[in-house]
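Sequence lines, in order, name chains A and B. Note that my numbering has the first sequence beginning at 1, numbered continuously upward. Note that my numbering has the second sequence beginning at 1, numbered continuously upward.
Treat the hints with care, as some may be off.
Claimed, not checked - Partial chain A-side listing against chain B, Cβ under 8 Å, derived: (1) V12; (2) M13; (3) E53; (4) A98; (5) P105; (6) G106; (7) T112.
Said to hold, decoys possible - Chain A is nowhere near these chain B residues, computed Cβ spacing over 10 Å in every case: (8) S28; (9) A53; (10) E55; (11) K101.
Stated by the list, open to error - Using C-beta positions, here's what the derived DEER-type ranges look like: (12) S18/B with K41/A: 40 to 50 Å; (13) G14/A with Q14/B: 42 to 52 Å; (14) S18/B with E67/A: 16 to 26 Å; (15) G28/A with K59/B: 36 to 46 Å; (16) Y51/B with S20/A: 31 to 41 Å.
Read the hints as simulated data drawn from the structure, not as lab findings. Just so it is clear, CB atoms sit at the ideal spot from N, CA and C, and this is done for glycine as well.
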Amino acid sequence: ETGVTQTPRHLVMGMTNKKSLKCEQHLGHNAMYWYKQSAKKPLELMFVYNFKEQTENNSVPSRFSPECPNSSHLFLHLHTLQPEDSALYLCASSQDWAYEQYFGPGTRLTVT
Amino acid sequence: EDQVTQSPEALRLQEGESSSLNCSYTVSGLRGLFWYRQDPGKGPEFLFTLYSAGEEKEKERLKATLTKKESFLHITAPKPEDSATYLCAVQATGTTDSWGKFQFGAGTQVVVTP
Chain A
1 ETGVTQTPRH LVMGMTNKKS LKCEQHLGHN AMYWYKQSAK KPLELMFVYN
51 FKEQTENNSV PSRFSPECPN SSHLFLHLHT LQPEDSALYL CASSQDWAYE
101 QYFGPGTRLT VT
Chain B
1 EDQVTQSPEA LRLQEGESSS LNCSYTVSGL RGLFWYRQDP GKGPEFLFTL
51 YSAGEEKEKE RLKATLTKKE SFLHITAPKP EDSATYLCAV QATGTTDSWG
101 KFQFGAGTQV VVTP
C-alpha cells in the first residue's frame with residue numbers, strides 16, 4: 001500500500017448505529033487530519049493530530065470521536081449520527097503542520 | 001476573519017483554450033498557499049505550494065502564481081484529462097503554541113471538452 005488509504009470507501013448507516021472509519025498513511029508523516037466535504041461547500045477541518053496528540057477540534061459534535069493510536073493510523077468513531085452528517089469524509093497526512101497535506105480517497109457516508 | 005474565495009465556480013473550456021482560475025484570500029499572515037486537484041469520488045491531489053508573492057510553480061500545462069492578495073492557476077492548452085475541481089487552500093502563520101490552520105476554498109469545477 002502506498003500513500004493514504006481509507007476504509008471503508010462507502011458506508012450506509014442508520015441514525016442509531018455505531019461505526020468507525022479507518023485511515024492509514026504509509027508516508028512516514030507525523031500529522032494526520034479528518035475533513036468533512038459536503039456538496040458545493042469548502043472542506044471543513046474536523047480534527048488534527050500532531051505526533052499523536054490532538055491539537056485541533058474544530059467545534060465538532062461529540063457524536064464524532066477521533067482516535068489516533070500511533071502516527072500511522074487514525075480512526076473516526078461515529079454514533080447516533082444525523083442525516084446532515086452524510087458527506088465525504090477525507091483523511092489527510094503531512095510531514096509536520098507546516099507542509100502540504102496528502103489525502104486519502106475518502107469514505108462516502110450516508111446516514112439514513 | 002480569514003477567508004478564501006475561488007472564482008469562477010465553474011469553467012467550461014474547449015480543448016486548447018487557455019484560461020485562469022482565481023483564488024483570493026484574506027489572512028493575517030500567510031504561511032503558504034496550496035493548490036489541489038480533485039477528481040469525482042476521489043481525494044484531493046496535491047499540485048503546488050507557494051510561499052511568497054512573486055513566486056511561480058509549473059507542472060505540465062498548469063502554472064500557479066501568487067500575489068499578496070490572490071493566486072492564479074493558469075491552464076495552458078488544456079486537454080480533457082485536465083477536467084477536475086481545482087481547490088485552493090491557505091495556511092495562516094501560527095504561533096509557538098498553535099499551528100496555522102488550513103482553510104480551503106469551495107473550488108472551481110473545470111470541464112474541458114474535445
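(request) Against the structure, test the hints numbered earlier, and report the numbers of the ones violated in rising order. (result) Violated hints (numbers, rising): 1, 2, 3, 7, 11, 12, 14, 15; every other hint is consistent with the structure.
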